[in-house]
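Participant: What follows is the residue order along each chain.
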Amino acid sequence: MKRFWQASLFLSVAALAVAAGFYLNPVTRDGGGADEIDARAVLTSPLADLRGESRRLEEWAGKVLVVNFWATWCPPCLEEIPIFIGMQERLGDRGLQFVGIAIDDLERVRVFVDRQGLNYPTLVGQADAMALSDLAGNARGGLPYTLVFDRSGEILSRHYGALTRQKLESIVLPAL
Amino acid sequence: MQRPHSRYCAILLTNPWILFWAVLVSPALAGDTLLEPEQAFVISARLVSDTQLEVAYRIAPGYYLYRDKLDFRIEPASMRLGEPRLPPGRWHEDEFFGRSEIYRERLTVRIPLHGAEDYDRFRLVAVSQGCADVGVCFLPIEQSVRITRGGLPGLGAPQP
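Read top to bottom, the protein sequences are chains A and B. Following the working numbering, the numbering of the first sequence begins with 570 at its first residue and continues without gaps. Following the working numbering, the numbering of the second sequence begins with 4 at its first residue and continues without gaps.
Check each hint, because a few of them may be wrong.
[Claimed, not checked] To list a few chain A residues with every Cβ distance to chain B over 10 Å, as calculated:
| # | residue |
| --- | --- |
| 1 | E648 |
| 2 | D662 |
| 3 | Y689 |
| 4 | D697 |
[Said to hold, decoys possible] Facing chain B, from chain A, some residues (calculated, C-beta under 8 Å):
| # | residue |
| --- | --- |
| 5 | P644 |
| 6 | P645 |
| 7 | I672 |
| 8 | G710 |
| 9 | A731 |
[Unchecked claim] To spell it out: a stretch of chain B is covered by chain A in this simulated footprint if at least three of its residues, at any positions, have a beta carbon under 8 Å from a beta carbon of chain A; those stretches are:
| # | stretch |
| --- | --- |
| 10 | 97-107 |
| 11 | 134-141 |
Please keep in mind that the hints were generated in silico from the structure rather than gathered at the bench. In this text, a Cβ means the ideal position worked out from N, Cα and C, and glycines have one as well.
Let the hints inform the model, and build the full structure from the sequences given.
Facilitator: Below, the structure is given as structure tokens:
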């Protein structure tokens with residue numbers, strides 16, 4: 570009986586500590602729940618494209634939308650971009666749409682997009698792109714940061730760090 | 004007489020080390036995690052003499068700062084900072100940018116300071132940029148530290 574009590578107490582304290590760890594410390598790379606994000610506000614916020622024209626994510630409404638915040642100075646961001654190019658080419662006809670949002674200098678982004686042959690739209694900005702990233706739930710300012718919206722504009726997933734093709738497919742394929 | 008399990012409970016609940024380590028380790032048990040940049044890169048600063056500042060970063064395990072992205076300024080702007088004496092960092096290899104010099108664990112920077120004698124308190128603003136080994140880089144962050152001349156001789160007249 571004594572051992573039972575000892576084990577119970579130890580597990581209780583451990584559970585309390587784990588809960589406290591989640592509460593006080595970091596989010597996981599999956600970014601946690603998306604409940605607190607105002608998806609509508611994210612989709613309707615304006616941001617310039619590479620030609621300086623104002624765009625809003627809502628113009629891709631009705632598609633499964635992968636919104637990727639990135640920067641040219643961020644190595645893990647560059648790692649996943651070829652995966653996005655491949656999936657856009659392969660699954661674009663089925664309703665998958667990538668949009669990159671670069672928090673960076675316009676000229677650097679232009680050069681990178683041309684050189685890498687990005688086959689999906691890129692929006693770019695500094696303070697305004699940071700504000701949109703924050704609105705999209707990226708309060709930590711971590712990059713890359715990716716949100717996936719379903720066809721109705723609801724957030725399916727959010728993720729910090731480079732995505733693998735398998736991980737991204739497991740999110741988007743059921744929604745297509 | 005105190006029952007054994009009560010004693011055990013008391014030991015667990017009153018031992019801050021058990022709770023401290025469990026709180027620290029528990030996120031790691033949950034998989035990849037991400038600290039707030041201000042928690043990952045904790046800054047402090049002090050005046051070591053009338054003409055020299057010392058800035059220290061405590062960098063969380065699994066995080067690093069880029070040496071060439073550090074920038075410092077002082078407020079009020081009538082004061083002036085000299086060239087920061089950045090220690091050599093470690094080399095970090097990256098498939099996109101090649102070798103970069105980074106700092107892990109701790110960084111201490113001495114910075115020459117001019118014009119401090121007229122002020123008894125001022126503010127250091129530090130800009131840094133770093134990443135986490137889990138594959139996330141942070142946007143540049145700006146951290147501000149208030150510095151007072153407490154303990155140093157020759158206290159200047161307070162400024163409005």
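Participant: Name the hints, by number, that the structure is in violation of.
Facilitator: 1
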